[in-house]
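Visitor: Modelling step: build the complete structure from the supplied sequences, incorporating the hints.
Protein chains in written order, with my numbering: chain A, 1049 to 1312; chain B, 18 to 323.
Hints were generated in silico from the structure; no laboratory data involved. Warning: the hint list may mix true and false statements.
[Stated by the list, open to error] Not close to chain A: a few residues of chain B, all C-beta gaps over 10 Å, as computed:
hint : residue
1    : Arg21
2    : Ser24
3    : Arg310
[What the hints assert, rightly or not] Coverage of chain B stretches by chain A, computed from C-beta distances (three or more under 8 Å per stretch; other residues unrestricted):
hint : stretch
4    : 123-132
5    : 181-194
6    : 199-213
Values in this document were obtained by computation on a predicted structure and should not be read as measured data. Each residue gets a CB set at the ideal place from its N, CA and C atoms; glycine is no exception.
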Amino acid sequence: MIALLGKELADLRRNPALFMPAILAGSLSMLLPFVIAIMVPAFAGERLSESSDFEVALEMYRDQGALRALDPEAAVQAWIFQQFLVLLVVTPVTAAMSIAAYSIVGEKQARTLEPLLATPVTTIELLGAKVLGAFLPALALTGATFLVYLAGVSVFAEPGVFRALLLPGSLAVTFLLGPLLSLAALQLAVCVSSRVNDARSAQQIGALVVLPLTAAFILQVTGMFRLTLPLIGAAALALLAVNIGLLLLGTVLFERESILTRWK
Amino acid sequence: MPFRVLSAHHLTRRFGDRVAVDDLSFELAPGEIFALLGPNGAGKTTTLRMLAGVIEPSSGSVRLGEDVLTRQTAPRLRSRIGLLTETPGLWERLTIRQNLLVYARLHGLTHPTSVVDEALDMFDLGDRGGDIAAELSKGLRQRVAFARALLHRPDIVLLDEPTAGLDPRSARDVRDLVRRLRSERRTIVISSHNLDEVERVADRVAVMRGRLVALDTPPALNVRLFGARVRIGLGQPASAFVDILTRAGFVDIQAHDGTLSIAVHDDNATPIIVRRLVEAGADVVSVAREQARLEDVYLRLMGGES
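Guide: Printed below as a string of structure tokens:
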């Protein structure tokens, strides 16, 4: 599997353009909270903490003991930057989705699958390499995006706000829930990729996984739902189970004979 | 046949209602070159895929020596098989060396880098290892695909249309390589539409159209279909000697300018013919067994279909 993974990564290195949409989307989603929390109030000459729209944020934020010392403006900013972390998690998924969606279909279209299947490689090794080949760059992108986000917050936001992004809950969303969800999305995309004839179908179906994240984002922002640590833990366990299930499902769905003989 | 390195027993493959390969059986010896001939859709590629363990037969079996190829044994046995697919199937963005290295590692070779270096040298690609696959000519791609199929030194080599689309020189290189593989006692199965190429290299041919139509050596197929004939070149007009041979019991005699073509039933007939002609005062210039081209044999078997 390491040999195939190496191939996947070497292939990506030679085609960095694949990550351009993700980098663009990541930059935009990173920019958005800065516009809302810093630029708009600066241009409008208003403070966020004086707006009634953010009362919920202030109330919620003061529940978090570690950040009670923040002044009201910093608390609202911290709340905004924390909510947008969910969007930052979505971005690498979308990037990796196109890679994963193309993985099996691409091999078939380039007629590289048959010689590959004639080697001792097993289905689980093949699928594992395909998923990891998309997942590892996505993980690296998540880390890089998070670091840039953190740097931006520490420079432009009120003092102490960046600490909100280093709380266990924020870190767990970024580096546990996000990657697990990415992994599930990628596995789903690879599963779909091994059943459809073109990459677009795989990408469209696989992209459905972004929906729960978007829903979580909206529910959080409206105050209807909060990702607490226990909830994150439970979701992580559930996602782990989903990932194992998807791995097994992938090996069942991957019919090498159909792929070779029916796809044209 | 003392040892069967590869054998197919009643191999059948169905795709839904369509039977792609129907009850195909053969046994191959080490160092044998075996050609699969047939029109498009005759089941040649499907047969190669079953022999390579890439797809399973609907019924029947493939054996590598004593080992039966099954879903369970295929990952292990595939390391004994080298498959050259119809299209080279290289990873376009990777270099030649990277393409080969991945396969060397997939086959679990102990020293993949040195194996790849050797392969690059063997296929005259030593100075091209850093070239991106997408930039290679068709002939070079095919050479890389060949190198890839042979990296792990398989004792069975399956070649699907190995010279399709190649220029004459590249095609000759491929034929030379196939002969070299035979000299290394590797068993080779070639699927091809190029009858001239098959005639030059194959020890036996299987003509198939789903089912096996005929299987034998090219000369034996020729004799079976056209009968054995002897061609004799004379220093005089050949028509003057037809009667002499007719009286000697030969019934199918064709004379054209200074050449006689005579149907014979066994090898003893040739000395008798030559003796009668010399006794009758003929100047015998040449004697040769007459053989139809494989293309004629194939077309006769296919009933005129190409």
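Visitor: Going through the numbered hints above, which ones does this structure break? Give me the numbers in ascending order.
Guide: 5, 6
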